[in-house]
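There are 4 protein chains.
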Amino acid sequence: MSSEFGRILKISVFGQSHGRAVGVVVDGLPAGEEIDLEALQRFLDRRRPGKDGLSTARKETDIPEFLSGLEEGRTCGAPLCAVIPNADQRSRDYGGLLDKPRPGHADFTAWAKWGGKADMRGGGHFSGRLTAPLCVAGGIAKQLLARRGVFVGAHLSAVAGIPDRRFPLLPTAELFEEVAAKPFPVLDGEAGERMQTAILAAKNGLDSVGGVVECAAIGLPPGLGDPMFDGVENRLAAALFGIPAVKGVEFGEGFRGAGLRGSENNDAFRAEGGEVRTASNHAGGVLGGITTGMPLVLRAAFKPTPSIGRRQETVSLSRLENAELTVQGRHDPCVAHRAVPVVEAVTAAVLLDMLMEGNHGTF
Amino acid sequence: MSSEFGRILKISVFGQSHGRAVGVVVDGLPAGEEIDLEALQRFLDRRRPGKDGLSTARKETDIPEFLSGLEEGRTCGAPLCAVIPNADQRSRDYGGLLDKPRPGHADFTAWAKWGGKADMRGGGHFSGRLTAPLCVAGGIAKQLLARRGVFVGAHLSAVAGIPDRRFPLLPTAELFEEVAAKPFPVLDGEAGERMQTAILAAKNGLDSVGGVVECAAIGLPPGLGDPMFDGVENRLAAALFGIPAVKGVEFGEGFRGAGLRGSENNDAFRAEGGEVRTASNHAGGVLGGITTGMPLVLRAAFKPTPSIGRRQETVSLSRLENAELTVQGRHDPCVAHRAVPVVEAVTAAVLLDMLMEGNHGTF
Amino acid sequence: MSSEFGRILKISVFGQSHGRAVGVVVDGLPAGEEIDLEALQRFLDRRRPGKDGLSTARKETDIPEFLSGLEEGRTCGAPLCAVIPNADQRSRDYGGLLDKPRPGHADFTAWAKWGGKADMRGGGHFSGRLTAPLCVAGGIAKQLLARRGVFVGAHLSAVAGIPDRRFPLLPTAELFEEVAAKPFPVLDGEAGERMQTAILAAKNGLDSVGGVVECAAIGLPPGLGDPMFDGVENRLAAALFGIPAVKGVEFGEGFRGAGLRGSENNDAFRAEGGEVRTASNHAGGVLGGITTGMPLVLRAAFKPTPSIGRRQETVSLSRLENAELTVQGRHDPCVAHRAVPVVEAVTAAVLLDMLMEGNHGTF
Amino acid sequence: MSSEFGRILKISVFGQSHGRAVGVVVDGLPAGEEIDLEALQRFLDRRRPGKDGLSTARKETDIPEFLSGLEEGRTCGAPLCAVIPNADQRSRDYGGLLDKPRPGHADFTAWAKWGGKADMRGGGHFSGRLTAPLCVAGGIAKQLLARRGVFVGAHLSAVAGIPDRRFPLLPTAELFEEVAAKPFPVLDGEAGERMQTAILAAKNGLDSVGGVVECAAIGLPPGLGDPMFDGVENRLAAALFGIPAVKGVEFGEGFRGAGLRGSENNDAFRAEGGEVRTASNHAGGVLGGITTGMPLVLRAAFKPTPSIGRRQETVSLSRLENAELTVQGRHDPCVAHRAVPVVEAVTAAVLLDMLMEGNHGTF
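Protein chains in written order, with the working numbering: chain A, 24 to 386; chain B, 24 to 386; chain C, 24 to 386; chain D, 24 to 386.
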């Protein structure tokens with residue numbers, strides 16, 4: 024499984040940070056779907072590095088080449104393969120690190136797994152660079168979902184402990200677009216200013232900060248998902264933990280809800296225009312693993328970037344003795360803001376997969 | 024997939040709350056493993072209802088019958104099937120509810136999925152009763168893990184916002200046993216008293232509270248898990264969200280970590296006795312989806328029991344108009360304390376599955 | 024995976040030949056489906072042993088008990104568990120065999136796999152007895168398919184090298200019923216007489232014979248199945264090889280077609296009543312792994328029953344030296360005629376699963 | 024699933040016959056494995072078209088480019104992506120065919136599945152061209168297997184009904200190499216001459232012939248595979264039916280065995296040098312889905328190439344009326360001889376996957 028998720032729609036990611044290319048195979052797309060490559064590029068640009076002082080200085084154009092599955096701008100039923108060449112690989116920055124695993128990175132666990140034989144330059148296959156092909160797949164999924172009335176949007180819910188507003192009870196596609204168009208994707212601009220200040224402060228302190236991304240999907244029908252181990256939450260969580268640096272996933276009130284009373288957390292049902300809605304949405308649109316038809320709301324917690332400029336304690340793997348290292352190279356003082364489209368991408372891909380699988384309750 | 028998880032070790036749960044029986048098929052167990060049925064029963068008793076005023080008054084003996092896979096107390100390679108008859112089904116308590124979905128329950132989503140044809144008496148297949156067969160599977164997994172030096176333990180990390188202590192950096196099997204032996208599974212007895220007071224207060228107010236379960240596993244080798252979508256976190260989260268009422272899952276610092284700085288959250292490596300350890304364990308024993316060899320630490324958030332005695336607003340599904348209901352029947356003012364062994368069970372089952380699958384990094 | 028197949032509709036079989044019971048969990052059935060238990064029993068009776076001199080003398084009533092998933096004769100969305108107790112276990116017949124693996128049986132490979140710790144009495148989990156719960160699942164699948172205009176039927180295509188006629192180009196549901204009602208399920212009664220004579224001759228010679236089952240499904244829409252590794256042939260073959268004693272699976276002309284010329288084997292397309300049909304059906308209703316809408320036709324080869332009354336050469340596993348054994352106990356001189364409903368069952372289950380999964384080509 | 028197979032080792036194929044490239048992602052390879060690219064190229068050359076009058080005149084160099092997963096000639100733990108550009112795409116040859124499905128091809132079923140929106144130029148994703156990336160994956164698997172003492176070889180077992188000899192009871196790696204080195208891969212050169220004559224005769228008659236490939240694997244340990252639906256046969260068959268034109272798969276005696284008596288088909292066990300062997304190998308190395316340790320022997324039936332030069336009857340899909348067509352373009356009068364390495368490739372990939380997964384019988 025490893026670098027793949029999905030059932031009907033399978034998304035398989037490949038590449039290493041400093042290899043020739045990263046890419047993705049998307050197997051199972053319906054045929055005849057037009058892909059708006061300009062819109063896709065705008066989506067990819069949202070996660071692209073090197074745009075401002077808040078991110079790594081690595082320069083990548085991130086323009087995918089389609090080797091298969093897309094003919095004259097339309098899907099053709101065959102697996103789609105998109106490749107993004109790695110333009111700016113400065114692997115010398117990381118030279119010599121291999122013996123000294125960087126704290127908080129997968130260097131040590133990759134060493135434990137592959138006996139030191141992994142290509143871990145720049146984080147190798149664990150690098151945030153792998154989120155570029157994920158966004159190709161997810162960006163395509165978003166277009167197909169939108170065509171079917173399902174919209175996915177996200178914002179930075181918190182950075183360095185500074186909270187943004189939450190999504191309103193009924194977010195709209197327009198709101199999603201509005202946030203996506205912002206250089207710093209928050210609902211509350213003032214909170215965004217404080218977050219950016221915190222990121223720059225961390226950067227100046229040769230440090231980093233973490234954050235939380237809140238993602239919502241609207242337009243989902245009720246009845247999607249299966250009970251117990253194959254619900255919307257199970258499948259979204261399994262995929263979302265595949266985004267580098269994610270350490271927590273919650274739906275609706277999530278961990279906060281564990282401190283509420285039932286009378287506060289239950290969502291009263293309402294009949295509205297011939298449909299069943301809920302007056303609040305503490306459930307985040309999911310009850311018993313199955314969609315209610317209300318907006319799906321989830322949050323993913325991103326740890327602070329482990330790459331920091333400070334001297335850190337580590338070990339020499341070859342000598343099994345304590346050592347120190349200072350991580351050179353370019354790195355993000357915060358990944359959460361660049362992760363916003365990535366969370367959208369993974370959420371969209373999972374939801375499209377589940378919609379294609381359908382609700383087999385009555386077949 | 025629905026009611027199943029696992030790869031090498033497949034666990035498939037069946038039954039409805041008020042049907043004839045609940046049960047589990049465990050396919051893939053190694054052969055020749057002795058199962059200590061008394062120890063298993065003690066484990067099952069930890070989640071059994073009806074022991075005190077903190078839980079539902081439903082009486083169940085919860086003694087599994089083994090139809091296959093276990094011969095003379097040992098596994099025999101064939102799939103193990105264990106059945107627990109439903110002794111005390113008072114389905115009349117729930118009569119008439121079917122048209123009025125209970126807020127916070129899966130009644131409405133089951134209706135949306137199965138067009139009103141589901142057996143939802145007592146929650147049907149969504150009932151917490153399904154955690155009994157889960158504990159049979161997980162209790163067996165715990166025994167097999169212990170035989171291989173891997174121990175899984177859990178405690179109530181919070182109830183109604185009242186926190187317990189966290190597990191220490193290096194929890195021991197003895198600590199796990201000590202907590203498991205307590206009638207109310209907390210580390211800090213005083214916090215436990217306050218939690219129980221909060222539960223009873225909620226009960227008296229015809230209300231309910233939620234909680235958080237913290238679970239740890241010790242003895243895991245480094246190198247377990249695969250990158251991206253098939254890591255320890257992905258697979259544990261996918262299974263843990265299958266426990267009824269779980270709305271969030273986090274590893275290590277999780278959501279709290281999103282507010283830390285990299286210099287605070289990174290775990291420095293240390294060479295200790297020829298092994299690589301970390302000085303702290305903010306990562307919860309997982310980096311890049313792969314185990315570090317430090318204790319695996321996770322937390323699952325349980326929402327407050329949706330069944331509360333108060334009058335609630337809902338709809339009539341047949342007439343699509345607003346309605347009210349008061350949930351009769353027996354229910355738990357809190358499920359989190361009974362969920363402690365369930366989280367252990369699911370965690371143990373996933374870890375045993377992953378250990379059996381092995382670390383194929385170098386084959 | 025082991026004892027399970029299916030995606031949307033998961034079928035998980037459990038039990039050992041001489042354990043307490045055999046059974047099946049069917050997860051993913053649509054809700055509200057009436058199950059005609061009498062029709063199901065008639066289907067089960069077609070494979071039941073002990074009816075005549077052609078089969079084992081083992082007596083089993085094979086009446087399933089439904090522990091879950093079926094309420095008042097209808098499916099309810101929850102996994103269905105059916106259990107068939109093992110009434111007539113004469114395990115003493117097999118006593119002492121365990122050290123001397125029976126040629127042609129799984130005794131030796133089970134020993135290699137489970138280190139001698141498997142329960143192999145009567146073949147254990149490898150026994151043909153496991154086809155009883157398979158038929159419960161498949162019999163239910165057949166009822167659901169019939170309700171949707173898809174009919175599955177089979178006949179003995181050959182026994183001991185004696186061929187039956189093939190199914191006509193367009194078999195009908197009536198033909199399927201007609202064959203199913205026969206005590207010996209062939210199209211050509213005369214061929215059937217010769218087959219039965221051959222079976223009895225083998226029996227009298229303390230020997231056994233093999234056979235081939237031909238199965239067809241009508242009413243399938245064109246466009247079902249996915250290219251390459253997830254087509255109708257891949258999935259049917261994967262499941263059919265799970266029936267004990269199957270050593271070959273072919274579709275349409277299969278192995279015979281490998282000797283034909285393209286001009287003989289190609290099926291000309293015809294426009295008939297606004298639909299595309301083929302003038303012949305050498306493809307067996309599948310091109311490129313995807314259904315054509317013509318009848319699906321497959322054949323499964325069953326090896327001669329390995330249990331024969333003659334003295335055979337084997338080894339003592341404990342002493343690793345050559346030995347002899349004479350298999351006692353009851354056994355079938357031929358399994359192919361009893362396997363006819365089993366092939367129908369597995370075919371029906373796979374097809375229902377694929378129909379539920381749908382044709383996602385254009386979503 | 025579609026264009027993918029495998030569990031631990033996942034192989035995902037992409038590309039269309041006349042698109043930019045075909046390729047493969049191999050996820051799960053152990054790290055540090057040296058890949059002999061010259062040996063791999065020799066293996067690929069065995070299936071490459073355009074070498075003689077027996078095959079299509081399409082010219083392809085079929086040299087894979089490795090975009091990821093291979094650094095300095097060694098696997099690095101990350102998914103390996105290999106791409107083979109399509110050099111010689113003469114799609115005009117196929118122009119105008121799209122409305123008239125070619126008999127025996129997937130044109131019609133692709134139309135039924137994707138509503139006419141598939142890219143079916145040259146067979147699209149169903150083309151035999153997709154076996155090139157399959158051979159990249161399988162050729163790598165063969166190298167890893169050989170390093171572990173497992174060797175896979177194949178030969179043409181029959182063409183146009185003309186049989187080759189069977190593999191001997193104990194084929195050797197040397198024999199496999201010897202056959203692989205032949206321009207026409209048969210054991211019996213005289214039979215090979217007759218086959219080639221038959222192929223050329225078919226070609227001259229604007230027709231085609233089918234064939235059978237026999238494949239064997241030696242060096243497998245006993246105990247590999249799981250009972251019922253997850254055995255060696257199930258998994259090999261599921262993958263082998265993914266090779267274009269395969270219509271039948273059998274193990275050991277297969278369909279021929281269905282005509283034997285048990286006393287003829289059973290393989291007597293023998294103690295030899297502290298190991299258990301069988302005196303014959305009618306089982307093809309598999310009993311109960313689990314390897315015996317004897318050579319694994321299977322056969323795959325390939326239908327005659329559906330592309331023939333003769334005028335054929337078909338329909339116009341747009342007008343739903345009968346029509347005729349003459350297939351232009353280059354095509355193989357027989358694919359079976361070029362399929363020999365493809366069967367090896369798929370067999371090797373499945374076996375490596377199963378070996379990596381291991382025998383969990385006693386864990």
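Hint data in this document are derived by calculation from the structure and do not stem from the laboratory.
Fair warning: there could be bad hints in the mix.
No distinction is drawn between identical chains; accordingly, a pair holds when it is met within one copy or between any pair of copies.
[As the list claims (entries may be wrong)] EDC-like cross-link-like pairs, simulated, lysine to aspartate or glutamate; straight-line CA separation at most 16 Å:
id, residue 1, residue 2
1, K205, D68
2, K140, E61
3, K140, E197
4, K140, E95
Hints and how they fare:
For a Cα distance limit of 16 Å, the shortest separation of K205 from D68 inside one copy, 12 Å, qualifies, whereas the shortest one across copies, 53 Å, does not. Proximity of K140 and E61 under a CA criterion of 16 Å is satisfied in neither setting, with 39 Å inside one chain copy and 22 Å between copies. Neither within a single protomer nor between protomers do K140 and E197 lie at most 16 Å apart by alpha-carbon distance, with minima of 48 Å and 32 Å respectively. For a Cα distance limit of 16 Å, the shortest separation of K140 from E95 across copies, 11 Å, qualifies, whereas the shortest one inside one copy, 41 Å, does not.
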